[in-house]
Amino acid sequence: MKADSNFVRLNSQPHEASSEVQFYWEERPVTARQGDTIAAALLASGIIHTRDTAVSASSRGPFCMMGSCFECRVEVNGELNVQACMRVIEPGISVKRQRS
Amino acid sequence: MLNVDVCIIGAGPAGITAAIDCTKMGSKVVLLDEQPSAGGQIYRSIKKNGHVHGEILGPDYLHGAKLVSEVESTGVQHITEAKVWRVDKDKQVFWSCRGKAQQLQAKRIIIATGALERSFAFPGWTLPGAMMAGASQVLLKTSGLAPKQAIMVGTGPLLYLLAVQLIKTGNAPIAIVDTQASKQYIKASRYWANAIQGRKYIYKGINLLLQIKKAGVKHYHRATDICAYGVDKVEGLSFTCAGKKEVLDAQTILSHIGVVPNVQLTRALELDHSWDPLQRCWRPSLDEHQNTSLSGVAVAGDNSGIGGALVAEYQGHLVACEALYSLGKITKDEWQKSTNTLKQQIKQELVIRPFLDALYSPPQQALTPVDKTIICRCEEVSAGDIRQYTHHSAYGINQIKSFSRCGMGPCQGRYCGQTAAEIIADEANIEVSEVGYFRIRYPIKPLKLGELASLTPTDKSFMQQYKD
Chain A
0 MKADSNFVRL NSQPHEASSE VQFYWEERPV TARQGDTIAA ALLASGIIHT RDTAVSASSR
60 GPFCMMGSCF ECRVEVNGEL NVQACMRVIE PGISVKRQRS
Chain B
0 MLNVDVCIIG AGPAGITAAI DCTKMGSKVV LLDEQPSAGG QIYRSIKKNG HVHGEILGPD
60 YLHGAKLVSE VESTGVQHIT EAKVWRVDKD KQVFWSCRGK AQQLQAKRII IATGALERSF
120 AFPGWTLPGA MMAGASQVLL KTSGLAPKQA IMVGTGPLLY LLAVQLIKTG NAPIAIVDTQ
180 ASKQYIKASR YWANAIQGRK YIYKGINLLL QIKKAGVKHY HRATDICAYG VDKVEGLSFT
240 CAGKKEVLDA QTILSHIGVV PNVQLTRALE LDHSWDPLQR CWRPSLDEHQ NTSLSGVAVA
300 GDNSGIGGAL VAEYQGHLVA CEALYSLGKI TKDEWQKSTN TLKQQIKQEL VIRPFLDALY
360 SPPQQALTPV DKTIICRCEE VSAGDIRQYT HHSAYGINQI KSFSRCGMGP CQGRYCGQTA
420 AEIIADEANI EVSEVGYFRI RYPIKPLKLG ELASLTPTDK SFMQQYKD
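Chains as they are written, first to last, in numbering that gives the first Met the number 0: chain A, 0 to 99; chain B, 0 to 467.
A few of these clues could be false.
As the list claims (entries may be wrong) - Under the rule of at most 20 Å between Cα atoms (straight-line distance), these lysine to any residue pairs were calculated in the SDA-like manner:
(1) B:371 - A:58
(2) B:199 - B:350
(3) B:232 - A:77
(4) B:147 - A:7
(5) B:99 - A:87
(6) B:346 - B:192
(7) B:346 - B:191
(8) B:23 - B:334
(9) B:99 - A:77
(10) B:371 - A:57
(11) B:447 - A:66
(12) B:328 - B:74
(13) B:167 - B:207
(14) B:147 - B:237
Said to hold, decoys possible - From the derived model, a few chain A residues whose C-beta atoms are all more than 12 Å from chain B:
(15) 26
(16) 74
(17) 91
(18) 92
(19) 95
Think of the hints as simulated: they come from the structure by calculation, not from any bench. Only a predicted model underlies this, so the values are computations on that prediction, with no experimental measurement involved. By construction, the Cβ of each residue, glycine as well, lies at the ideal position given by its N, Cα and C atoms.
Can you make the complete structure from the sequences, with help from the hints?
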């Protein structure tokens, strides 16, 4: 999955602990780095389409990365409208594309 | 309820500085911020010993290390991941932290909520893969991520700074599609005296442009008709340059046309705001000490008008002085001496702004996008929709908001309010300042009912009387 990503991960990690964490995207396992937000982890894994809009069901993905635009809303462990750029990855969480 | 002397909202350079000063002088302070660590967007993810990618991010970024280390050493009460959703005029502050709402009562409030990137609404800007340039910089700071095949589009210092940072990661952008128009040089030349006085910024800018050139990044100038294309995700960007239509393939498009004050909270508090014609944005109306129209509420940093990180720091000191004087922690002499010096420093640091504001003013396409452009991303309202409502109704922006739902989604107008106002002004042939702005209501961040209910313990609920 990583080979398809539009983003490159630089070698040294900004986080003190750079261990890997596994979580699930649409039921499939994905590997992230500890300290990543859900949005960063998804983008690093080649997932850029994270939501379908309620009005026209068109595709959207992370846009501002600072909690202001609400474009990156996803479903986390069944909870809707979680801002992916504001929530740090926890091991084993199930993240799903938010559908209209 | 928690009672404090000073509640500071936002832990960027302004908020941090104010919090440190007030804590040092013995005031009871609470610093609230949405992010997991102090620094704001400018110093995002910085540690007291710097950042592993400090070399790439540059010395201006690393300056923030001193500030965040002082937050820790001074013992500032800093509540992280705190989403402020309401501030009352009597200075009660409400926020949510990991799904639970909390409140406090403050004597003074300092609002330091920083800036937002100005929206550059062009056809296709809603496609996954089209992001703001600041978003890419956040990814670099927080997770060491750099886009592989990015086109950068727009204008302004941040665009060039990010381009240089990406070049240093070994992932230079494919191209920079610059929207700056020739007339902006003419307009900026009026402020030549400011440019000379603030020349350290001119040198910095020239240095960035030289590094971009040296790296061989294709730099298109005076681009118009910007349009992203793709099915379900970004596949490329088309634009007109020197009379010729250009089409470039890309996986990521990073747009940027400057930053504007984040006035969401000051608007919701119904404070007075005034239109800044040069920065082309609204800002809270302030006295010379950063005090708002509501006594005891001050603002500091970019949300009081764009000035940058150093100005924010000075303003942080200034509002702290005001707070400490009013709380009786410093004498009138101390207050006068400090504020005079600070006001001088702020004035000096701001001298370059008119030149930069004129040089990097937003392109015409962003102010009056073509009809098919979506301007309200949340409710999918197009520029054409706004024009139609303008023709068929009164010119009130709030009436158009209720008719079209523009600005009624979860972002609450943060990314469409200004564009909507510009379109209405253009259509109705009036000034943007006459159009006004959306009425912002609480909660200023979406709040779940469960979070709201968590403010009242079950045994204190009014529902108790109906028990048994």
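Hints versus structure:
1. B:371 - A:58: Given pair residue 371 of chain B, residue 58 of chain A holds - Cα atoms ~17 Å apart, limit 20 Å.
2. B:199 - B:350: holds (11 Å)
3. B:232 - A:77: violated (26 Å)
4. B:147 - A:7: Distance ~6 Å between residue 147 of chain B and residue 7 of chain A Cα, so the pair holds.
5. B:99 - A:87: Distance of about 17 Å is within 20 Å: holds.
6. B:346 - B:192: Within the cut-off at roughly 14 Å; holds.
7. B:346 - B:191: holds (17 Å)
8. B:23 - B:334: holds (15 Å)
9. B:99 - A:77: Holds: residue 99 of chain B and residue 77 of chain A sit about 18 Å apart, inside 20 Å.
10. B:371 - A:57: holds (15 Å)
11. B:447 - A:66: holds (16 Å)
12. B:328 - B:74: holds (18 Å)
13. B:167 - B:207: holds (12 Å)
14. B:147 - B:237: Distance ~19 Å between residue 147 of chain B and residue 237 of chain B Cα, so the pair holds.
15. 26: holds (20 Å)
16. 74: holds (14 Å)
17. 91: For residue 91 of chain A, whose nearest Cβ neighbour in chain B is about 18 Å away, the distance exceeds 12 Å, so it holds.
18. 92: holds (14 Å)
19. 95: The claim stands: residue 95 of chain A keeps its Cβ more than 12 Å from every Cβ of chain B (closest is about 16 Å).
When the structure is compared with the earlier hints, a violation turns up for hint 3 alone.
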